[in-house]
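Participant: Chain by chain, the residues:
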Amino acid sequence: MEKPRKQNRRLRDVIVLVIMLAGAALIILNTASNLIG
Amino acid sequence: MGLVLLAVAWVIGSARAKSDLMPAVKQAMPEAEYFERQNGTYAAWADSDKSELLGYVAIGMANGYGGPLTMAVGVSGPNGDIAGVAIAGHKETSAWITRVEKSGILESLIGKSHRDHFELGNDVDGVTGATYTSRAIAEAARSASQDAAGLLGLPVTTPPPPKVVFGIPEIVLILLFAVGYLAHKRGFKYQRHARWATMITGMVVLGFVYNQPLTLSNVNKFLLGYWPAWQTHLYWYLLMGGMLFVFTVDNKNPYCQWFCPFGATQECFGLIGGAKIQTAGRYHGFLKWVQRGLAWAAILVALLLLNPGSTSYEVFGALFDLVGSNLQYLLLGIVLLASMFIRRPWCTYLCPLAPVMDLYRTFRMWIKESWKSLGNKTAA
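Residue numbers (the working numbering), protein chains in the order written: chain A, -3 to 33; chain B, 814 to 1193.
The hints are simulated quantities; they were obtained by calculation from the structure and are not laboratory data. A couple of the hints might just be wrong.
Claimed, not checked - Computed cross-link-like contacts, SDA-like style, restricted to lysine to any residue with a CA-CA straight-line distance of at most 25 Å: (1) B:K1089 / A:L17; (2) B:K1101 / A:K(-1); (3) B:K1089 / A:V10; (4) A:K(-1) / B:R1095; (5) A:K2 / B:R1156; (6) B:K1101 / A:V10; (7) A:K2 / B:K915; (8) A:K(-1) / B:K915; (9) A:K(-1) / B:S916; (10) B:K1101 / A:A20; (11) B:K915 / A:D9; (12) B:K1065 / A:A21; (13) B:K1101 / A:I24.
With the rest of the complex left out, here is chain B:
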């Protein structure tokens, strides 16, 4: 029943009307009084008499952290320089988009030429902790500025293929998956040591340095079909692909117990306090249903809103990047304090990913059993 409702939410969400672009178009060319739509772009006129063409506003799209990010970019003048930019639509978490907007990255694009590279760290300064969003803004702006410049009759070069982003987080993730997969096998002599080594590495690298743990947003993105370009989002593919691969082949969850940054943080607090309590005893079953209900509701709303990050309620940003609301900081404080006495309280009773993984495990078992019974029937 729960799954059927999720499917219904997905269908309703997909059928919803697309957002209105006009406010962003106006923002991208504020001096224009009249806009005329022409094949997905907008001719910007000084007045409704169409006596003076100021330039063109084009819409560019690229994949951010949560999903597609759309930019309206106004281009004018003989050189096709950017006159104004505005975010027309996005699927990012509100805290990150606020951070990006305040950083001045949008203003820094004004005056750039359509011939520029729009490369993070080269001619566009990325925002720390919001690299994917910054990159999407730059890419969308480049694509839109080229479209608009083409309409102005300026020569437009074919954009180069996106560069493959393969750095420390990707390498560390592959290593953690490999160690987690090999070392959790029974009989491995240094299992305890290996587990602590992967947990601390996960906490430091995937948590505090890069803040890229697995979140409900990643899962929602997968379910909504927002599969970004592999070249720029290789980390997401490695994380989701690695999880699905090991889970399917080995029925083991290599992430949670071995290198989840927040799980490791809780265990570190557990070391301080002793953390002897395992479960809530007689209330364990009830709390597990609360956890499932929260996760289900969060996925349902995300599918309805077509926004993967809108209901991702983890407190990782508050801990690893110091970005979060007061309520998130309060929740983080409670969880970390509780971790001193209860073993991994977030993972056991609040993490939305645990029910998702349980469901996947059940689904896998069901397929396996069905396959087996089908084989037996055929043999008989």
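Extracted from the complex, chain A is given alone in its bound form:
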């Protein structure tokens, strides 16, 4: 069993990853729509 602290850290890393990937996806979408439009 993983210690709760380690689990929390892992969850925190995943949350940061998801937020930043969402940001990168928005950047790509916005740039693509600017270039096409």
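Based on the hints, put chain B in the right spot on chain A.
Facilitator: Chain B alone, transformed into the frame defined by chain A:
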């Protein structure tokens, strides 16, 4: 490999054919049916029989925010008044050009004489938040109207040299560079206070008041060789020159940590939420590569399109000037919300300038090491 591809993109972009001016020429003299090209200007005839000469359309160019801006200006009548104007080409961000077009600045030029000054704030009203674009439009229109008036046989005076634009943003920028450079030195007692003072000043003055932070567009402009007249774009030279100078001499980045307006905004949100998270832990390396990939792709496309602002994806305009798309507002919201818990998330994982500065740092180190080893070999 990435750098080689950037160089290839630059070569391809430079070799691309120039844009067609005719649609803008027609727009500048809509009543003309036939245009005859004469040494870069266009004689506008009422019909193809060339029975009635309506006037001339000339092309003028000046430097906007993103790069060269070209205007087609139609001049007619005994006094050489402007009959019509159209933007023939530009390198500005689409949101800014839309704002300028909607502002009525183009319509306000119609009826002006080639003898007018075309000075922002004097006889031409600039558009708030798009001063560089407005100034370029006025300058290009003046230059073209004089060319066309000359063809009509009207007396043309030599234009005065451009006035040096030196105001609050330039003064504040110099001061911020100076304080950032001096105060980041080790042992400075009030380093923390000085840093907050420069950050808040940067956020308020360079951000909310003037919206002139460092963007990828500035870097692309530098790479594409769109170096504007220093008199009218002194701010750009101070920003780019200041960065390169301090970075080269001291290997320190005085901008990002000390007075980047958006970095300061994120830190202010961080104060509210506590912002204890520094990195994404095990995913840190992967996210850094995503950041590099985004920056690289943005520079590559900008070099291919010869348009510095086309892929500049920062959200500064949405925050500081309330100009942006829905997607940009959504991104801004996510970043600011995340800033409450993660320290400077934009700077760490999304800002395109961070990889550019890392690359410059590596390049600087490589040159320094090479120079040193060369010196050792010579000495041996």
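Participant: Look at each hint and say if it fits the structure.
Facilitator: Consistency of the hints with the structure:
1. B:K1089 / A:L17: Holds - the C-alpha atoms of L17 of chain A and K1089 of chain B are around 20 Å apart, at most 25 Å.
2. B:K1101 / A:K(-1): 28 Å, violated
3. B:K1089 / A:V10: Holds, at roughly 16 Å.
4. A:K(-1) / B:R1095: 17 Å, holds
5. A:K2 / B:R1156: 20 Å, holds
6. B:K1101 / A:V10: 15 Å, holds
7. A:K2 / B:K915: Measuring from Cα to Cα gives roughly 55 Å; hence the hint is violated.
8. A:K(-1) / B:K915: 60 Å, violated
9. A:K(-1) / B:S916: 61 Å, violated
10. B:K1101 / A:A20: 11 Å, holds
11. B:K915 / A:D9: 45 Å, violated
12. B:K1065 / A:A21: Violated, because 31 Å separates the two Cα atoms, which is more than 25 Å.
13. B:K1101 / A:I24: Given that 25 Å is the threshold and the Cα spacing comes to 16 Å, the pair holds.
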